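K.L.:
This is what each chain is made of:
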Amino acid sequence: MQINVNEQNYSFEENATVGVVRDRIKADADLLIVNGFPASEETQLNNGDRVILIRRGEVPGADELDALLTARHTPGVHEVVKGSTVGIAGVGGLGSAIAIALARTGVGHLIIADFDIVEPSNLNRQQFFIDQIGLPKVYALRDTLARVNPNVRVTACHLRLTPNNITEVLGHAQLLVEAFDQAEQKVMLIETFASRFPDRPIVTGSGMAGYGPANTVQTQQVANNLYLCGDGSTAAAPGTGLMAPRVGVAAHHQANAVLRLLLGYNPANEGKL
Amino acid sequence: MNIIFNGKPRETQASINIQELLDQMQLDCMQVVVEHNKSIIPRQRLTETALNDGDTLEVIHFVGGG
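Protein chains in written order, with our numbering: chain A, -13 to 259; chain B, 886 to 951.
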């Protein structure tokens, strides 16, 4: 019978137990999972069962890790995203969540740029941790991304993006994510990148403050190569703060827009590009 | 003359540049991205870019937060 063990298929004799499989594939495993549930070594397996063998505390090698991490990817998707380079300008509430989503998706190379330092007030919505307070955000995020998916290459740039360095820092990105906080900075980045690289898509965010309905956050094509995620109007202001849920909704609109663009689909509708 | 502004027909005075139109509409060029005939125009070129009859203009307004 066929048993899938740690995301690869093997043949076993009928009535094999989990213990038999463990002894053959990974004898030192001390956590045995069958079809998603913990199992004992006496558990009888059936044809088509899925077994995960884990040794607690062990970090798998690069090849094994790649197979495990990519097991849930849709065929054809992983190879495309693995060969992609995405630039993320700003790694606050939007950018930190977008980077993590894209790393989990297996995007091969992320260029992240931000001048900022992790502050306690960031933790209400940004993907940083108490023990990262005081670190440059790009370095803290690089560490987190390595814990999520060490196969993603991360270029971390601790600097303020200006019209003078955008080409140098983000020139290798086939696609740009705008994830700044200030409206004027968003405009500066888009103008600069679009005029230097008019054929490369930009995914931007505008209008995600407060706790209005999540359903008003949308992905729209607002110009030839510019996709806007957000409600377009709710600015961060006193009384309308930025909060994790709605910022997260907008961030994942952006991450999904990136994925669709990489795969050749329009982010704003069902169509191909 | 007539242009298409954010997807809708709009009548403007003849001989006008993009900056003048933004000023008339009280739009702050620091907070908008302007796409003129499918090309994004940097703000320093808004004054030198004249509009012509039939042009397409998309003006995308940005708000803060991220």
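Treat the hints as calculated values from the structure; they're not laboratory data.
All of these numbers come straight from a predicted model, not from anything done at the bench.
Note that the Cβ used here is the ideal one computed from N, Cα and C, for glycine as well.
Check before you lean on any hint, since a few could be wrong.
The calculated DSS-like cross-link candidates involving lysine-lysine, where the alpha carbons are at most 30 Å apart (straight line), are [unchecked claim]:
hint : chain 1 : residue 1 : chain 2 : residue 2
1    : A       : Lys258    : B       : Lys923
2    : A       : Lys68     : B       : Lys893
3    : B       : Lys893    : B       : Lys923
4    : A       : Lys12     : A       : Lys68
5    : A       : Lys12     : A       : Lys258
Simulated restraints on C-beta separations [unchecked claim]:
hint : chain 1 : residue 1 : chain 2 : residue 2 : range
6    : B       : Ser900    : A       : Arg182    : 48 to 56 Å
7    : A       : Arg36     : B       : Asn922    : 49 to 57 Å
8    : B       : Asn922    : A       : Leu259    : 40 to 48 Å
9    : A       : Ile116    : B       : Asn891    : 41 to 49 Å
10   : B       : Lys893    : A       : Thr153    : 32 to 40 Å
11   : A       : His158    : B       : Lys893    : 53 to 61 Å
12   : A       : Asn201    : B       : Gln909    : 55 to 63 Å
13   : B       : Met910    : A       : Val45     : 17 to 25 Å
14   : A       : Gln204    : B       : Gln909    : 46 to 54 Å
15   : B       : Glu933    : A       : Gln207    : 25 to 33 Å
To be clear about the criterion: a stretch of chain A counts as covered by chain B if any three or more of its residues have a C-beta under 8 Å from a C-beta of chain B, and this derived list gives those stretches [as the list claims (entries may be wrong)]:
hint : stretch
16   : 21 to 32
17   : 42 to 55
18   : 119 to 127
K.L.:
It remains to establish, for every hint, whether it holds in the given structure.
P.N.:
Cross-check of the supplied hints:
no. : hint                              : in the structure
1   : A:Lys258 <-> B:Lys923             : 19 Å, holds
2   : A:Lys68 <-> B:Lys893              : 41 Å, violated
3   : B:Lys893 <-> B:Lys923             : 15 Å, holds
4   : A:Lys12 <-> A:Lys68               : 28 Å, holds
5   : A:Lys12 <-> A:Lys258              : 44 Å, violated
6   : B:Ser900 <-> A:Arg182: 48 to 56 Å : 30 Å, violated
7   : A:Arg36 <-> B:Asn922: 49 to 57 Å  : 55 Å, holds
8   : B:Asn922 <-> A:Leu259: 40 to 48 Å : 20 Å, violated
9   : A:Ile116 <-> B:Asn891: 41 to 49 Å : 45 Å, holds
10  : B:Lys893 <-> A:Thr153: 32 to 40 Å : 35 Å, holds
11  : A:His158 <-> B:Lys893: 53 to 61 Å : 38 Å, violated
12  : A:Asn201 <-> B:Gln909: 55 to 63 Å : 35 Å, violated
13  : B:Met910 <-> A:Val45: 17 to 25 Å  : 58 Å, violated
14  : A:Gln204 <-> B:Gln909: 46 to 54 Å : 29 Å, violated
15  : B:Glu933 <-> A:Gln207: 25 to 33 Å : 27 Å, holds
16  : 21 to 32                          : violated (count 0)
17  : 42 to 55                          : violated (count 0)
18  : 119 to 127                        : violated (count 0)
Hints 2, 5, 6, 8, 11, 12, 13, 14, 16, 17 and 18 from the earlier list are contradicted by this structure; the remaining hints agree with it.
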